[in-house]
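*Asks:* Single-letter residue listing:
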Amino acid sequence: MFIYREENVKDLTIRSQGKVTALYLETDNDPNSIIKITSTIKKFGMDIRNMIVYTENDKSYVLMYISGSFHSEDKILSNLKGNTNIYEVKAIELKSENTLHALQKLSLFTDPYRAVVMASPILEGIIECTQNQPSLKAMLWYQGYNVGIKLAFLCKEIYGAPSIYSMLELFKNMNLIYGLSKIEYVKNDVIDYEFILRLHNNWECNTILRSKGVQKEPQSVFTRGMLEGFFKEVFNGIDFIAVETKCIALGDPYCEFIVKPRGYVQYN
Amino acid sequence: MKNTRTNTKTVPKHSERYLTYEGKFEENDLLMPLELGRVMYIPGRKLMGLCIIAKNKPGVLAKITSIIADAGYNILYVVINTTPHKVSDTSTVVLYLDLGENFNKIDTVIEELRTLNVIKDVKVFKSELGCLLADKYHFPLMINGVRAVLMALPVLEGLIAITQKHEALKAILWHQGVEVGRRVVKSFKELYDMRTYHEFIRILQAKTMSLGWCRIHVTYEDLQEHKFVLQLYNNWECEIIKSWGIRDKPQSMFIRGMLAGMFQEVFNERFNVIETKCITMGEPYCEFYISRTKTT
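Chains as they are written, first to last, in this note's numbering: chain A, 1 to 268; chain B, 1001 to 1296.
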């Protein structure tokens, strides 16, 4: 049983109360190279705050944030540059006071796709403008619906999920990986097409709760659309409907959805 | 406003520090994709993930990687997490390993790791479908203490696909962008104590780049007339639309709205944003003319 921890996407942006330097290195694909790098950092009394190592073919690419003595920086750089296993060493400019951004990097990827990171202000903005009119909520639903279809396609066509159960499991993982929500299947009946899902930390309703306070009725629109799109694609075109019976925005600990083929759901 | 690119050499003095190069970025030689590693999919390979809770001390990673190197396993990906806002006594190290044919040693490696006095716990995540490894240990994602989600291509396509079917809906996407832009600038003010236009641009360039949105190049800025020209390379919105086919007119709605919302929030005035060049038309970048809305 995993205990979920918050993932700081610190490889992208970091704020610090002290001196922080970012280093970018290219080395050969050998664990000993990483040992040499980290040993060098240790030798000069610097602390590795965050680090990413990604290997591809014969090379490893390292992005790291280190903190500690200001005067050690040049010594570390020259020491690392003198290592034959390390092809490239660059210190990254501090772009604004106490805020360091990995400016040298573009196009984030999470296998196999390009990705962008959307933090809270962006998520709030996406939802906020649809809150005032029901017709605009329909668009948000449709956006979610399209996302659901695309995720089903990803599970089925790209990752080659062999069964409905494995698609549902992958869908749960995709939601976790992308940070959308943590899905718990309460009922998973693929024979009678009845599903009950609990979405813990559902980004949409968390965002509404934070920005607008406790609401009187379930708020999920995007996520509802996403579930309906996903299940439709999984079950080869059968229209599903997702009814939100519990909602984080109502003060519930999670959002809960009953998902059934359209026409099978009783609303009360 | 003329629909042509402005000669950067005629730009006023105040923007000099942004225009020290023509058409190229100073850091151009460093540009390359960054693999985030939340999921790794390598068909035909036996993968395994380790999540190690360790003491935040220099040399810990060296000890961990030594043990793995001695066992002969290839480390595909490593990410180390410490709390960025404060000095923490704990680090989380996530490793993705390619076990190859020699996966019998992995239990010994895990046991050996557990015996290290700097390591508090070792969790294992196994691959799905044999070759799909996902970090199921970390949730939710955070940036500077603020929750974030990762919008990968399927999700981004889903967000903007609707507007390709219904022309009238493009306006709503634009409105979403405006709201996003306003909130983002408010967050810049709160998080980074942003006060001036130049601080705004610096933070915007850094954030859009580091969060994978696009690279922004300011080619013209007139702070008295409030006129600006921005070039956006690798703008995700238009790169996605371009993947659906070349278009005969600019397509950006969300990003265009976002720029309008941002400039509105920075200057407390309404702005027009016109896309004059677009990746979807085969251009190398999207170019936006941003000017104060004229009031009569």
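Hints were generated in silico from the structure; no laboratory data involved.
You may find that some hints are simply not true.
As the list claims (entries may be wrong) - Here are some chain A residues pointing at chain B (derived, C-beta under 8 Å):
hint	residue
1	Val53
2	Asn57
3	Asn83
4	Ile86
5	Leu180
6	Leu250
7	Tyr254
8	Ile258
What the hints assert, rightly or not - Far from chain B, by Cβ distances over 10 Å, these chain A residues were calculated:
hint	residue
9	Lys42
10	Gly45
11	Arg49
12	Leu77
13	Asn85
14	Glu128
15	Gly160
16	Leu170
17	Asn173
18	Ile191
19	Asp192
20	Phe195
21	Val243
22	Pro261
By construction, the Cβ of each residue, glycine as well, lies at the ideal position given by its N, Cα and C atoms.
*Asks:* For a quick check of understanding: which of the numbered hints are violated here, in increasing order?
*Replies:* Of the numbered hints, 2, 3, 4, 6, 7, 8, 9, 10, 11, 14, 15, 16 and 17 do not hold.
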